[in-house]
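Q: Each chain, letter by letter, is given below.
2 protein chains.
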Amino acid sequence: MGNLYIALLHFPMRSREGGIVATALTSINVPDIARTARTYGAARYYVVTPLANQRRIAERLRAFWMEEDELPNRREAIGLVAVREELEDCYREVEEAEGQPPLVWGTSARSDLPYPRLSWDEARALLRERSVLLLFGTGNGMADELLAACDALLPPVRGRGYNYLSVRAAVAIILDRLKGEEA
Amino acid sequence: MGNLYIALLHFPMRSREGGIVATALTSINVPDIARTARTYGAARYYVVTPLANQRRIAERLRAFWMEEDELPNRREAIGLVAVREELEDCYREVEEAEGQPPLVWGTSARSDLPYPRLSWDEARALLRERSVLLLFGTGNGMADELLAACDALLPPVRGRGYNYLSVRAAVAIILDRLKGEEA
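Sequence order for the protein chains is H and S.
Going by the numbering used here, the first residue of the first sequence is number 1, and it counts up by one from there.
Going by the numbering used here, the first residue of the second sequence is number 1, and it counts up by one from there.
Hints may be right or wrong, so weigh each one.
The list makes no distinction among identical chains, and a pair is therefore deemed to hold if it is satisfied within one copy or across any two copies.
Simulated pairs of lysine to any residue, SDA-like, Cα-Cα distance not exceeding 20 angstroms [claimed, not checked]:
1) K179 - R55
2) K179 - L71
3) K179 - D89
4) K179 - L127
5) K179 - M1
6) K179 - L87
7) K179 - A43
8) K179 - R158
9) K179 - E145
10) K179 - W120
11) K179 - N53
It should be emphasised that the hints constitute simulated quantities derived from the structure, not laboratory data.
Kindly generate the complete structure, drawing on both the sequences and the hints.
A: What follows is the structure in structure tokens.
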């Protein structure tokens, strides 16, 4: 079984107006996605932002939960969090830990993208053999240049004509589809 | 296809110490779970608390997002939210809307409960025929008396020895398993 690493990215993201922005950190994403990552056995959860002050906030959130003796379950999940400046830092770390470069998969709610897509079955099969760095965007989603650089994209989680899940919900659904016992 | 109604309950909940409490409203649960509910075509999302000041907060959050012209997608989801004092209010409303009483299903991360459990397949099959009011707890989960009063419980979302998903993540995973196109 390959190891699954997940990264929550804040740059380069699409803004509502279609520009490219660095999004602000949403505090709840740190413990929430960590708990989901822990539930599905992810090896690490990277919170990635080029903004130094945002990294400091993420580190302080991490430290807060690590020191919280009353909630050991929370601490166990937060231990998976690593705050990094760039995606490339994560990639190199995973490569070093695994002894080979990971597959890099993107996620997007858009169904009109011209990049290679895996089916859920293909993704689950690959994940049994290779380690994967799975990318999640914030704001209005990952910039095209970032999606284009991925080895492949996962299918969108199709809603009934409504594709505006929170990233917290999207991570939960996607990890369940990739690693859940029902998947 | 039966309609799916979901309710986020704040009483009676288990506290960390094992007592019975009314939990405080977590603001992010209002828009986050609404977006998930909208994605999976739920008919309504009830936020239920016996505390009048907490209902006022929930109503203000609802009003805030309903008036936010810049985020029509958010508004579309928030339109599903109804704030109620008691579970019984929700049950009666659903019964009136559907012309028959809904099935009431509980959710719990605990696997040691002596109440009837559905499999995911059974739940999906029933949901094609009947309307369902699906209950989610907060704090450390629904009190036993509440779980015992349900027609049935859904299976726990089993993690790798770790069962502390946020309720936001649990709702997303459970709705995907019940109504997702991959399910």
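Q: All hints, please: hold or fail.
A: Status of the hints after comparison with the structure:
no.	hint	in the structure
1	K179 - R55	neither (29 angstroms within a copy, 37 angstroms between copies)
2	K179 - L71	neither (25 angstroms within a copy, 33 angstroms between copies)
3	K179 - D89	neither (25 angstroms within a copy, 38 angstroms between copies)
4	K179 - L127	within (9 angstroms within a copy, 25 angstroms between copies)
5	K179 - M1	within (11 angstroms within a copy, 28 angstroms between copies)
6	K179 - L87	neither (23 angstroms within a copy, 34 angstroms between copies)
7	K179 - A43	within (13 angstroms within a copy, 29 angstroms between copies)
8	K179 - R158	both (18 angstroms within a copy, 11 angstroms between copies)
9	K179 - E145	neither (28 angstroms within a copy, 33 angstroms between copies)
10	K179 - W120	both (11 angstroms within a copy, 16 angstroms between copies)
11	K179 - N53	neither (34 angstroms within a copy, 40 angstroms between copies)
The structure shown violates the earlier hints numbered 1, 2, 3, 6, 9, 11.
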